[in-house]
Amino acid sequence: MPKLKTHKGAAKRFRTTATGKIKRGHSHARHILTKKTAKRKRLLDLDVMVSTADEARINRMLPYGRK
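To convert, count from 1 in the sequence shown and add 336; that's my numbering.
A few of these clues could be false.
[Said to hold, decoys possible] When the alpha-carbon atoms are kept at most 25 Å apart in a straight line, the in silico BS3-like pairs for lysine-lysine are as follows:
{"no.": "1", "residue 1": "K341", "residue 2": "K359"}
{"no.": "2", "residue 1": "K372", "residue 2": "K344"}
{"no.": "3", "residue 1": "K344", "residue 2": "K357"}
{"no.": "4", "residue 1": "K359", "residue 2": "K372"}
{"no.": "5", "residue 1": "K357", "residue 2": "K341"}
{"no.": "6", "residue 1": "K375", "residue 2": "K359"}
{"no.": "7", "residue 1": "K357", "residue 2": "K372"}
{"no.": "8", "residue 1": "K344", "residue 2": "K359"}
{"no.": "9", "residue 1": "K339", "residue 2": "K357"}
{"no.": "10", "residue 1": "K348", "residue 2": "K377"}
[To be verified] Listed next, with one range per pair, are the computed distances between beta-carbon atoms:
{"no.": "11", "residue 1": "R366", "residue 2": "R402", "range": "18 to 24 Å"}
{"no.": "12", "residue 1": "R366", "residue 2": "M337", "range": "36 to 42 Å"}
{"no.": "13", "residue 1": "K372", "residue 2": "L340", "range": "36 to 42 Å"}
{"no.": "14", "residue 1": "L382", "residue 2": "G345", "range": "19 to 25 Å"}
{"no.": "15", "residue 1": "A347", "residue 2": "T373", "range": "29 to 35 Å"}
{"no.": "16", "residue 1": "H343", "residue 2": "K375", "range": "32 to 38 Å"}
{"no.": "17", "residue 1": "R360", "residue 2": "Y400", "range": "15 to 21 Å"}
{"no.": "18", "residue 1": "S363", "residue 2": "G401", "range": "18 to 24 Å"}
{"no.": "19", "residue 1": "K372", "residue 2": "P399", "range": "32 to 38 Å"}
{"no.": "20", "residue 1": "V384", "residue 2": "P338", "range": "22 to 28 Å"}
{"no.": "21", "residue 1": "H364", "residue 2": "E391", "range": "18 to 24 Å"}
{"no.": "22", "residue 1": "K359", "residue 2": "M337", "range": "25 to 31 Å"}
No lab work stands behind these hints, which were simulated from the structure alone.
Since this is a predicted model, take the numbers as computed values, not measurements.
Even glycine gets a Cβ: it sits at the ideal position worked out from N, Cα and C.
Use the sequences and the hints to build the structure in full.
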């Protein structure tokens, strides 16, 4: 069986926690920030867990994980 390739786009976007869950960042936090409130920008800066419905798909794209 050949080695599996990591999906490089997914590798840049997702990280695994020590317990095996997958973290992701928020979108809409890179530009056009002047019209967004400070609270909205602050909340966009926080990482959140990926929904359980998407975890299997992301795990397939990251066969060796990413710390």
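Q) Against which earlier hints does the structure fall short, listed by number upward? A) Of the numbered hints given earlier, those the structure breaks are 2, 7 and 20, listed in rising order.
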